[in-house]
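Participant: Please model the complete structure; the sequences and the hints are all you need to start from.
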Amino acid sequence: MSQLTFQLDENSEKAIEELKEFFGTRSSAAAVRSALALVRTLAPASKDRTVIIRNQNKNEDLKIVMAG
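Just so we're aligned, residue 1 is where the sequence shown starts under the numbering used here, counting upward by one.
No lab work stands behind these hints, which were simulated from the structure alone. Keep in mind that this is a model prediction, so the values were computed, not measured. Keep in mind that a hint or two might mislead.
DSSO-like cross-link-like pairs, simulated, lysine-lysine; straight-line CA separation at most 30 angstroms [said to hold, decoys possible]: (1) 63 <-> 20; (2) 47 <-> 14; (3) 20 <-> 47; (4) 20 <-> 58; (5) 47 <-> 63; (6) 58 <-> 47; (7) 14 <-> 63.
Label-pair ranges, simulated between beta-carbon atoms [stated by the list, open to error]: (8) 29 <-> 61: 26 to 34 angstroms; (9) 5 <-> 54: 36 to 44 angstroms; (10) 5 <-> 56: 39 to 47 angstroms; (11) 1 <-> 57: 34 to 42 angstroms; (12) 59 <-> 13: 35 to 43 angstroms; (13) 67 <-> 17: 19 to 27 angstroms; (14) 7 <-> 45: 28 to 36 angstroms.
Positions of the beta carbon are idealized from the N, C-alpha and C atoms, including for glycine.
Facilitator: Shown next, in the form of structure tokens:
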């Protein structure tokens with residue numbers, strides 16, 4: 001496994017802290033790995049960088065447009 005070092009702005013640091021809480025991880029590296037795994041799953045399934053998540057219990061859709 002390789003090691004990367006990079007500088008983050010304040011917004012990115014905050015986002016990683018939120019990911020740690022969301023994924024229930026203690027380390028930033030684990031949170032980033034989980035987020036990457038999620039994106040690798042969603043990206044090929046998306047059309048025009050758009051993913052629709054359906055909440056069947058509430059009969060609601062959430063549309064996510066991935067920037068890039």
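Participant: Confirm or reject each hint.
Facilitator: Hints and how they fare:
no., hint, verdict
1, 63 <-> 20, "23 angstroms, holds"
2, 47 <-> 14, "29 angstroms, holds"
3, 20 <-> 47, "28 angstroms, holds"
4, 20 <-> 58, "27 angstroms, holds"
5, 47 <-> 63, "12 angstroms, holds"
6, 58 <-> 47, "24 angstroms, holds"
7, 14 <-> 63, "23 angstroms, holds"
8, 29 <-> 61: 26 to 34 angstroms, "33 angstroms, holds"
9, 5 <-> 54: 36 to 44 angstroms, "39 angstroms, holds"
10, 5 <-> 56: 39 to 47 angstroms, "43 angstroms, holds"
11, 1 <-> 57: 34 to 42 angstroms, "39 angstroms, holds"
12, 59 <-> 13: 35 to 43 angstroms, "37 angstroms, holds"
13, 67 <-> 17: 19 to 27 angstroms, "20 angstroms, holds"
14, 7 <-> 45: 28 to 36 angstroms, "32 angstroms, holds"
Consistency with the previously given hints is maintained throughout, with no hint failing.
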